[in-house]
Amino acid sequence: MGKKLMKNLLLGLLFTLILSTTALANSGGGTKIEKNVDGIKVDLILSGDTVKTGDNELTIKLYDEKGQPLENANVKVTAEMPGNSMDDMKMNNSKPEAISFKAGHEKGEYTGNINFSDKGNWTVKTDFTVENQEKMADFDVKIASSGPNWFIIGGFLGVVVIIIIIAAVSKNKKKASAA
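Quick note: to get the numbering used here, add 8 to the position in the sequence shown (first position is 1).
Don't read these hints as lab results, they were simulated from the structure. Ideal placement from N, C-alpha and C gives every residue a C-beta, glycine not left out. Be careful, since some hints might not be right.
[Claimed, not checked] Heads up, simulated DMTMM-like pairs for lysine to aspartate or glutamate below, C-alpha to C-alpha not over 20 angstroms straight-line:
1) K110 <-> E139
2) K143 <-> E117
3) K60 <-> D148
4) K40 <-> E73
5) K183 <-> D148
6) K49 <-> D146
7) K150 <-> E42
[What the hints assert, rightly or not] Distance windows between CB atoms, simulated:
8) V167 <-> E88: 36 to 44 angstroms
9) P77 <-> K150: 48 to 56 angstroms
10) A175 <-> T61: 16 to 24 angstroms
11) G162 <-> K133: 35 to 43 angstroms
Required output: the full structure, derived from the provided sequences and hints.
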(Lines of atoms letter the chains of each structure in order from A; the text may use other names.)
(Lines give C-alpha, C1' and ligand atoms only; values in the text may rest on other atoms or scores of the structure.)
Protein backbone atom coordinates (compact mmCIF):
# COMPACT_ATOMS: atom_id res chain seq x y z
CA MET A 9 0.00 0.00 0.00
CA GLY A 10 2.85 2.42 0.79
CA LYS A 11 4.49 1.90 -2.60
CA LYS A 12 1.24 2.70 -4.46
CA LEU A 13 0.66 5.81 -2.34
CA MET A 14 4.21 7.05 -3.00
CA LYS A 15 3.84 6.50 -6.76
CA ASN A 16 0.51 8.37 -6.82
CA LEU A 17 1.95 11.21 -4.75
CA LEU A 18 4.99 11.56 -7.02
CA LEU A 19 2.85 11.37 -10.18
CA GLY A 20 0.55 14.06 -8.77
CA LEU A 21 3.55 16.24 -7.94
CA LEU A 22 4.99 15.69 -11.42
CA PHE A 23 1.66 16.56 -13.06
CA THR A 24 1.32 19.72 -10.94
CA LEU A 25 4.87 20.81 -11.75
CA ILE A 26 4.33 20.36 -15.49
CA LEU A 27 1.06 22.31 -15.41
CA SER A 28 2.57 25.13 -13.36
CA THR A 29 5.43 25.66 -15.82
CA THR A 30 2.95 25.72 -18.70
CA ALA A 31 0.84 28.31 -16.90
CA LEU A 32 3.90 30.47 -16.21
CA ALA A 33 5.01 30.23 -19.83
CA ASN A 34 1.64 31.38 -21.17
CA SER A 35 0.95 34.15 -18.67
CA GLY A 36 0.89 37.73 -19.87
CA GLY A 37 -1.87 39.46 -21.74
CA GLY A 38 -0.07 42.38 -23.32
CA THR A 39 0.49 46.04 -22.60
CA LYS A 40 -1.32 49.09 -23.95
CA ILE A 41 0.18 52.57 -24.17
CA GLU A 42 -2.21 55.43 -24.96
CA LYS A 43 -1.56 58.82 -26.58
CA ASN A 44 -3.88 61.61 -27.68
CA VAL A 45 -2.96 63.55 -30.86
CA ASP A 46 -5.23 66.44 -31.92
CA GLY A 47 -8.33 64.68 -30.59
CA ILE A 48 -7.38 61.30 -32.03
CA LYS A 49 -6.70 58.55 -29.50
CA VAL A 50 -3.78 56.33 -30.50
CA ASP A 51 -3.19 53.04 -28.67
CA LEU A 52 0.02 51.05 -29.06
CA ILE A 53 -0.61 47.46 -28.00
CA LEU A 54 2.38 45.23 -27.32
CA SER A 55 1.95 41.47 -27.72
CA GLY A 56 3.22 40.69 -24.19
CA ASP A 57 3.96 42.30 -20.85
CA THR A 58 7.55 42.81 -21.95
CA VAL A 59 8.88 43.40 -25.43
CA LYS A 60 12.04 41.44 -26.19
CA THR A 61 14.81 41.73 -28.74
CA GLY A 62 13.98 40.24 -32.13
CA ASP A 63 10.68 40.33 -34.03
CA ASN A 64 7.63 41.59 -32.13
CA GLU A 65 4.07 42.05 -33.33
CA LEU A 66 2.71 45.50 -32.52
CA THR A 67 -0.85 46.77 -32.92
CA ILE A 68 -1.95 50.39 -33.38
CA LYS A 69 -5.59 51.33 -32.72
CA LEU A 70 -6.97 54.69 -33.82
CA TYR A 71 -10.15 56.33 -32.43
CA ASP A 72 -11.80 59.68 -33.17
CA GLU A 73 -13.01 62.20 -30.53
CA LYS A 74 -16.22 60.19 -30.02
CA GLY A 75 -14.35 56.93 -29.46
CA GLN A 76 -15.25 55.49 -32.87
CA PRO A 77 -12.56 53.45 -34.66
CA LEU A 78 -10.86 55.20 -37.59
CA GLU A 79 -10.72 53.05 -40.71
CA ASN A 80 -8.76 53.43 -43.93
CA ALA A 81 -5.80 55.13 -42.25
CA ASN A 82 -2.31 54.91 -43.68
CA VAL A 83 -0.10 53.83 -40.74
CA LYS A 84 3.72 53.70 -40.84
CA VAL A 85 5.86 52.83 -37.83
CA THR A 86 9.57 53.33 -37.21
CA ALA A 87 11.48 52.09 -34.15
CA GLU A 88 14.78 53.64 -33.13
CA MET A 89 17.01 53.90 -30.10
CA PRO A 90 17.60 57.43 -28.88
CA GLY A 91 21.26 58.43 -29.40
CA ASN A 92 22.04 59.67 -25.89
CA SER A 93 23.85 56.74 -24.30
CA MET A 94 27.39 55.43 -24.59
CA ASP A 95 26.06 51.99 -25.64
CA ASP A 96 25.04 53.54 -28.97
CA MET A 97 28.67 53.74 -30.09
CA LYS A 98 28.57 50.07 -31.04
CA MET A 99 25.30 50.39 -32.97
CA ASN A 100 24.97 50.84 -36.68
CA ASN A 101 23.88 54.42 -37.39
CA SER A 102 21.74 53.51 -40.41
CA LYS A 103 18.34 55.12 -40.77
CA PRO A 104 15.55 52.94 -39.35
CA GLU A 105 13.16 51.48 -41.89
CA ALA A 106 9.52 52.64 -41.83
CA ILE A 107 7.14 49.67 -41.77
CA SER A 108 3.63 50.02 -43.17
CA PHE A 109 1.08 48.44 -40.87
CA LYS A 110 -1.84 46.54 -42.40
CA ALA A 111 -5.47 46.66 -41.29
CA GLY A 112 -6.15 44.21 -38.46
CA HIS A 113 -9.18 42.10 -37.54
CA GLU A 114 -11.10 44.94 -35.90
CA LYS A 115 -12.10 48.35 -37.23
CA GLY A 116 -9.44 50.98 -36.55
CA GLU A 117 -6.78 48.33 -35.84
CA TYR A 118 -3.45 48.13 -37.69
CA THR A 119 -0.77 45.49 -37.12
CA GLY A 120 2.84 44.89 -38.12
CA ASN A 121 6.11 43.32 -37.02
CA ILE A 122 9.04 45.35 -35.71
CA ASN A 123 12.54 43.95 -35.12
CA PHE A 124 14.32 45.35 -32.06
CA SER A 125 18.04 44.61 -32.43
CA ASP A 126 19.20 45.58 -28.92
CA LYS A 127 17.81 45.78 -25.40
CA GLY A 128 17.24 49.19 -23.86
CA ASN A 129 14.93 52.17 -24.35
CA TRP A 130 13.42 52.58 -27.83
CA THR A 131 11.09 55.13 -29.39
CA VAL A 132 8.32 53.74 -31.57
CA LYS A 133 7.38 56.56 -33.95
CA THR A 134 3.94 56.26 -35.50
CA ASP A 135 3.01 58.32 -38.56
CA PHE A 136 -0.59 58.03 -39.70
CA THR A 137 -2.78 59.79 -42.23
CA VAL A 138 -6.45 60.17 -41.40
CA GLU A 139 -8.85 62.18 -43.59
CA ASN A 140 -5.86 63.59 -45.55
CA GLN A 141 -4.24 64.92 -42.36
CA GLU A 142 -0.84 63.59 -41.35
CA LYS A 143 -0.32 63.01 -37.61
CA MET A 144 2.46 61.58 -35.44
CA ALA A 145 2.63 59.84 -32.07
CA ASP A 146 5.81 58.67 -30.32
CA PHE A 147 5.81 55.87 -27.75
CA ASP A 148 8.68 55.05 -25.39
CA VAL A 149 9.16 51.30 -25.04
CA LYS A 150 11.68 49.38 -22.90
CA ILE A 151 13.10 46.34 -24.69
CA ALA A 152 14.34 43.36 -22.66
CA SER A 153 16.85 40.75 -23.72
CA SER A 154 15.27 37.63 -25.18
CA GLY A 155 17.24 35.26 -22.99
CA PRO A 156 16.02 31.89 -21.76
CA ASN A 157 12.80 31.52 -19.77
CA TRP A 158 14.10 30.37 -16.39
CA PHE A 159 10.64 29.32 -15.13
CA ILE A 160 10.33 26.72 -17.89
CA ILE A 161 13.93 25.56 -17.53
CA GLY A 162 13.48 25.26 -13.75
CA GLY A 163 10.26 23.30 -14.22
CA PHE A 164 11.91 20.77 -16.53
CA LEU A 165 14.86 20.51 -14.17
CA GLY A 166 12.44 19.79 -11.31
CA VAL A 167 10.76 17.05 -13.38
CA VAL A 168 14.14 15.42 -14.10
CA VAL A 169 15.07 15.51 -10.39
CA ILE A 170 11.74 13.86 -9.46
CA ILE A 171 12.27 11.11 -12.06
CA ILE A 172 15.77 10.43 -10.69
CA ILE A 173 14.42 10.27 -7.12
CA ILE A 174 11.66 7.84 -8.17
CA ALA A 175 14.21 5.64 -9.96
CA ALA A 176 16.56 5.65 -6.93
CA VAL A 177 13.75 4.81 -4.47
CA SER A 178 12.45 2.02 -6.73
CA LYS A 179 15.94 0.54 -7.13
CA ASN A 180 16.59 0.62 -3.35
CA LYS A 181 13.24 -1.11 -2.63
CA LYS A 182 14.01 -3.86 -5.18
CA LYS A 183 17.43 -4.44 -3.55
CA ALA A 184 15.85 -4.53 -0.08
CA SER A 185 13.15 -7.03 -1.13
CA ALA A 186 15.71 -9.28 -2.89
CA ALA A 187 17.90 -9.56 0.21
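Now the hints, each set against the structure:
Restraint check for K110 and E139: the C-alpha separation of about 17 angstroms stays at or below 20 angstroms, so the hint holds. Our distance criterion of 20 angstroms between C-alpha atoms is met by K143 and E117, whose separation comes to about 16 angstroms. Between K60 and D148, the direct Cα distance comes to roughly 14 angstroms. Compliance with the 20 angstroms bound is thereby established for this hinted pair. Between K40 and E73 the alpha-carbon distance is near 19 angstroms, which keeps this suggested pair within the 20 angstroms criterion.
As the CA atoms of K183 and D148 are separated by approximately 64 angstroms, the hinted pair breaks the 20 angstroms bound. Between the alpha carbons of K49 and D146 the distance comes to roughly 13 angstroms, so the proposed pair stays at or under 20 angstroms and holds. Between K150 and E42, the direct Cα distance comes to roughly 15 angstroms. Compliance with the 20 angstroms bound is thereby established for this hinted pair. Restraint check, V167 to E88: a C-beta distance of roughly 43 angstroms satisfies the suggested window 36 to 44 angstroms.
The supplied range of 48 to 56 angstroms is broken by P77 and K150, whose beta-carbon atoms lie about 28 angstroms from each other. With their beta carbons about 40 angstroms apart, A175 and T61 fall outside the hinted range of 16 to 24 angstroms. Separation of G162 from K133 is about 38 angstroms and conforms to the stated range, judged on CB atoms against 35 to 43 angstroms.
Consistency with the previously given hints fails for numbers 5, 9, 10, ordered from lowest to highest.
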